[in-house]
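Trainee: Same order as they appear, the protein sequences are chains A and B.
Going by this note's numbering, 192 is the number at position 192 of the first sequence; the sequence numbering is gapless.
Going by this note's numbering, 33 is the number at position 33 of the second sequence; the sequence numbering is gapless.
Hints are supplied without guarantee of correctness; some may be wrong.
As the list claims (entries may be wrong) - When the alpha-carbon atoms are kept at most 30 Å apart in a straight line, the in silico DSSO-like pairs for lysine-lysine are as follows:
| id | chain 1 | residue 1 | chain 2 | residue 2 |
| --- | --- | --- | --- | --- |
| 1 | A | Lys3 | B | Lys119 |
| 2 | B | Lys120 | B | Lys171 |
| 3 | B | Lys20 | B | Lys213 |
| 4 | A | Lys323 | B | Lys129 |
| 5 | A | Lys3 | B | Lys129 |
| 6 | B | Lys198 | B | Lys6 |
| 7 | B | Lys200 | B | Lys171 |
| 8 | A | Lys318 | B | Lys129 |
| 9 | A | Lys3 | A | Lys318 |
| 10 | A | Lys211 | B | Lys171 |
| 11 | A | Lys210 | B | Lys169 |
| 12 | A | Lys323 | B | Lys192 |
| 13 | A | Lys211 | B | Lys169 |
| 14 | A | Lys5 | B | Lys110 |
| 15 | B | Lys119 | A | Lys211 |
What the hints assert, rightly or not - Derived DEER-like restraints, expressed as beta-carbon distance ranges:
| id | chain 1 | residue 1 | chain 2 | residue 2 | range |
| --- | --- | --- | --- | --- | --- |
| 16 | A | Arg313 | B | His210 | 37 to 47 Å |
| 17 | B | Glu146 | A | Ile247 | 34 to 44 Å |
| 18 | A | Tyr118 | B | Leu15 | 26 to 36 Å |
| 19 | B | Asp188 | A | Leu294 | 50 to 60 Å |
Rather than coming from a laboratory, the hints here were simulated on the basis of the structure.
All values reported here derive from a predicted model rather than from experimental measurement.
Don't be surprised by glycine CBs; every beta carbon is placed ideally from N, CA and C.
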Amino acid sequence: MEKFKSIIRDYPFIAFIIAFVILAFVPSVVFTDVYQSHLATLIFVNIVVAAGLNIVKGYCGQVTVGHVGLFAVGSYTAGTLFLYLGLGFWATLPIAIIVTAFFGVAMGIPSFRLEGPYLALATLGGGEAIRLFIENGNFFRSTFGISDIPTPSLMGYNFDSPDRYYFISMTIMIIAVYFSFSILRSGVGRAFMSIREDPICAAAAGINVKKYKILAFILSAMFAGAAGAVYAHMPPGYIHPNNYTVIEMVTFLAMVVLGGLGHIWGGIIGAIVITIVYDLTRPLYKYQLLIFGLTIVLTILFMPKGLGGFIDRYFLEKRFKKKTGTEKTT
Amino acid sequence: MILKTKQLSKSFGGLKAINKVDFELPKNEIRGIIGPNGSGKSTFFNLVSGIYDSDPGSYIEFDGHDITFTPPHEIASYGLSRTFQLLRLYQDMTVIDNVMSGYHTRVPYKFFDAVIGRKKIWDQERAIKEEMMELLSFVGLADYAELNASELSGGQRRLLVLARAIAMKPKLLMLDEPAAGLSPVNVDNLMKIIMQLKEKYGLTLIIIEHILKVVMDTCNSVTVFDHGQKIAEGTPAQVKDDNAVIEAYLGKKMDDEEMRKALAV
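Chain B extracted, bound-state conformation (with noise of 0.2 Å):
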């Protein structure tokens, strides 16, 4: 197990954003998290992310460590990246100074080489760009590395959040929906590069999405949330079925008696 959580809960005042959830996710797998909006999809990221702190009795453990109060700089050095749901890109950065930043917890040499200058430092520098230089031209960016992060399309910047967070080599990959705003070809497109750098890189991925197609043809396994609780889970086949499922999404259905009396009100 990769990453693991028991009774997982954090409270927003007096919301259950996420309420005891039991996750489990093994090696090598690729798991969809679906559910409504408001379904404490995203918390349960920003949790595992240390983004947030969980409420007490919570726990969470990823690839060995114990890291249910771990400060969010530290869980990444352990080997966790993900992206935001709202990419939280470095405006104001290059594009090539994005992805080099997504690189810090892999920089080998320490502060003071860096002040003295050393030639090593430079060195390092150059091969920490070629390689950052050869992971744009994998996602498609290398022609625009040298402009401002702002100056890209939708499409681009969603390409450059992906590309910066493999850029510390990760185990576990979280996508806070990466494909959101893109039109069906480039879903396709990105979800290709995906599959691509999860072959490469021998990555563990979850995805969160609301593009079921996407989640249904990719996703060894699926977990559903609804008002902060866990309520199925399965690989994409069993979920499409399930009636805790489809109520959640589609609403429950109704008896002939109990439609009588939502009528009658």
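Bound-form chain A, shown alone (with noise of 0.2 Å):
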């Protein structure tokens, strides 16, 4: 056992592999009908999403209101890029992880200058005009949406069903997942945690406050842009400006809340709790945002690091009372 700890501490892709391969066998096992698949693949969406999110709002603590946009700029480079040129999932992936790159960096421009609600209001007002020019521009289909967008294949096999798409998202998932493990536990991520802490202490400890913010913001797009293709590929292949509202804006935040501001498993705790209960409160759709925007408040009041500090705090109260012998006083 401790062999094996030791492994995985050294080359932790192993056990990305080993999660791979579990969830590889979940649909056959646990799955009754094909719609949970799909259930899957929005989960698995929505973690991705998260995960850039918890980068920049959880560890960097630039608070962005606008990463929708984000999303939806990453959908809509796959639709048009489909729309237009015809092109298929493994091309448009990539495409529109660099375009909403350079979104990003716009997006984060603002926050050299602005701090908390002031740069909440700024990058609302991007998400927001990301969204109107879409739903208002022709080369978009404005609010007809764009349909058909094929699923992909893989050397003859057509990832065509929800319960095969799956593994294209899961794929996706473990991947972004992986990535922002290892760049929130080197350096990078205290970087971007002492940015959030204190910027001019940062600074003056070395950090380069002005590069460190907008590589967050770049990392984050770069995830909602991969979130955004595999949406836009997901069967039945149609996306339309409606699924690009502050309301989504306000699950994925609530998702980064609930799950742990700053807390590595943070979105992904997050992602799955909110997209089940999401799921599941769909006959109460009237009360939904409500209960969304009650979970925020209530957690920030009573949990503010969310379920994922919640369990690590049970956790380090343990360790510490066993080496130290006292109950911790604060």
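Take the two lone chains and join them into the complex the hints point to.
Mentor: See the structure below:
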């Protein structure tokens, strides 16, 4: 067991390969109908977006409310590339990631000067501008949406139904989460956190604040772009501007906040919980927004570090007690 | 000379916070900076470390580099480290992460290695963590490594800030009131740790401090600021007897004629 642990510590990607294998058996063993595969794909897409949002908001502390706009850029890059050039998933995915990265730079530039709620307002404007631009542009098929975006195929095998597409979204999710883990556990993650806590002190400690801020925006934009492309190609392959409103943004925020801002698992836990709750409460759709708003407020009030921080705390206190033999006072 | 300023000035609107200060600091010296509140001591630190831009005409040189208009992170990479009067602790990070973030300028690997997550990265990260744990146990915080910085007591916070500033292995360490708010016993303990760290890492130190006993006991030389100007410089004994210094701290001694005038008004 000790040996296994040290191997995982040195080569973390092995853990992700194990996770891949386990998740690969889930549809055939656990799922009872196709809808559950569809739901799983949605969870994976949300995990990728939330993991990206956790980098910029949870770790780097830049309050962005325009992230859904970047998600839309990813989707519509994939959609329009298919519409006008007939490109398939394997071409649109990397292009969507790159294009979204550039939009991430644009979204990040205000963060040099603005902070907190002011930055939130600026990025909210950015996100909404992207959506309105799509909605009113004939180039993007405005409110008709882009339909019949094809599912990917690999070596003659077409991932054309939800239970097959599951494997595509799952693979992308595993890769994205792996990247987010290795970035955030390294010195880069620490630099992000110091900028969140105190940019002036971070600068005095040798961290290039502007560079790392824009890096956080680019990274999280790339995650959103990948998620957007996966979402666009998901069967039945239909995207519409209404899927990228502020309401979706609140849902993404609720995921990151509930999972734990600045916790390495934060976005992932939150995305799983919120997506499932969202699906179960569909009959109560009138109250869904109320529920998510309440979730954000209550989590911040009573569990400021989210579910992830809550679980961490429990184990930490146990360890601390064992080490020093004292109850912690605070 | 490790640090040299010429005609260093900074004004906020009409107020000259620092007015034409020439300052020189040889290597391995412990320099104390004293002066009444608002005399420009902290502003001087902020100018040297690049937090503020100095006024045109100023010149700052650190270890052979002209750093007059260099951004703070570059100055730090030349080996200048500082602490803040208000600590600026990373409250929501663990103690060990606080110290490790001070290591930033010495992190050996490149960004793309970190993205891919190669084995080399985790080896180096572990080495960094080990080194920083050693530093933490040196200042006596090893047991608290995994707690949030916000959970430490005031004295422990002072030690943590000191450890974080040392983590980058600076050539020059600037301490802004390291002992503010500590009890006499803790002050002695802190100064002992600072002296040990100086020996261990071969530091040059600048210390702003209001506790004069600390300054007089530990510093090789003292610079006195008042109203943004350097009013005296020399060994602690010289400075103690300087008329300008006594005037700045205690006020002017009046003769009988002046006293009569003052009372007549």
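Trainee: Of the hints given before, which are not true for this structure?
Mentor: none
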